[in-house]
Structure formats: structure tokens, C-alpha cells
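Please build the complete structure, drawing on both the sequences and the hints.
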Amino acid sequence: MENLLTEIKVMKQLQHEHIVQLSEFEWDTNYIFLIMEYCSGGDLSNFIRSRNTLAEVEAKYFLQQLACALQFLRSKGIAHMDLKPQNLLLHVTASRKYILKVGGTNIACQPTGFWHSAFIFSNCCAGSL
Numbered sequence: 001m002e003n004l005l006t007e008i009k010v011m012k013q014l015q016h017e018h019i020v021q022l023s024e025f026e027w028d029t030n031y032i033f034l035i036m037e038y039c040s041g042g043d044l045s046n047f048i049r050s051r052n053t054l055a056e057v058e059a060k061y062f063l064q065q066l067a068c069a070l071q072f073l074r075s076k077g078i079a080h081m082d083l084k085p086q087n088l089l090l091h092v093t094a095s096r097k098y099i100l101k102v103g104g105t106n107i108a109c110q111p112t113g114f115w116h117s118a119f120i121f122s123n124c125c126a127g128s129l
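All the letters of the sequence shown, read from the start, carry residue numbers 1 to 129 under the working numbering.
It should be emphasised that the hints constitute simulated quantities derived from the structure, not laboratory data.
Fair warning: this is a prediction, and the values are worked out from it, not measured in the lab.
It is possible that some hints are incorrect.
No farther apart than 25 angstroms at their CA atoms in a straight line, the calculated lysine-lysine pairs in the DSS-like style are these [as the list claims (entries may be wrong)]:
1) K9 / K76
2) K84 / K9
3) K84 / K12
4) K76 / K12
Below is the structure:
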């Protein structure tokens, strides 16, 4: 329970245009409820599936937004731990523009100790084995 409360605390402090915001949280004896920002465009996986393709210009647009979010998380010493198209949500603006937002409940993992060393090592690897 303590780890979950720490994660919630970290998530509430993450204010960035490309990260899904945690508005509130509640709990009862059986459940914890996270009230998150609504992203009306669904997730990136469904967006690509519905179009059967993703134009290079669209891919570049989304990758720039993802890189911006990941740079912000890295500056806070945070690893996402579950980055996949289903956790990349899309908000549709009034002008019909898509804004990518990183979501998912594993967004607030802060590696320490042994795991921190493992993350640093994995950042240094290049190529494939």
C-alpha cells in the first residue's frame, strides 16, 4: 500500500502537456480509484489500427511529443516501465488536432539501488545481441 501511495504522490506532481494528469484519487476498503484526465481520441494502438497505416509525418509528430514526455520523465528521475501504444493516449483539441499523452499506472517508478544500476546499464547498450 505504501508503494502505491508513493506512486500516486509522484503522479500528482507530474504536470506536463504530454503526460496524462492524475486529478484525484479515492479509496474504500476494497478499491482505489484514480481519477485521470480524459483523452477523447483513444489510444495510439486503436488510432493506427483504424487507419491501417500511419503516415511518416504523423509518426514524426507523435514521436516528437513522446520524446518530449520521456525527456521530462527522465529529468525527474522517473522510468515509465510499461511504455506501449495502448498507454499512449490521444487528446483531440477543439481544432481537431491530436495531442499525444503518456499514460498508464506504471508511470511513477523511480528506480533505486540494484534496479537503478540495471537501468543505467540498459541505457548504455547499443545494437542487438
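Quick rundown of the hints versus the structure:
{"no.": "1", "hint": "K9 / K76", "in the structure": "13 angstroms, holds"}
{"no.": "2", "hint": "K84 / K9", "in the structure": "23 angstroms, holds"}
{"no.": "3", "hint": "K84 / K12", "in the structure": "21 angstroms, holds"}
{"no.": "4", "hint": "K76 / K12", "in the structure": "13 angstroms, holds"}
Consistency with the previously given hints is maintained throughout, with no hint failing.
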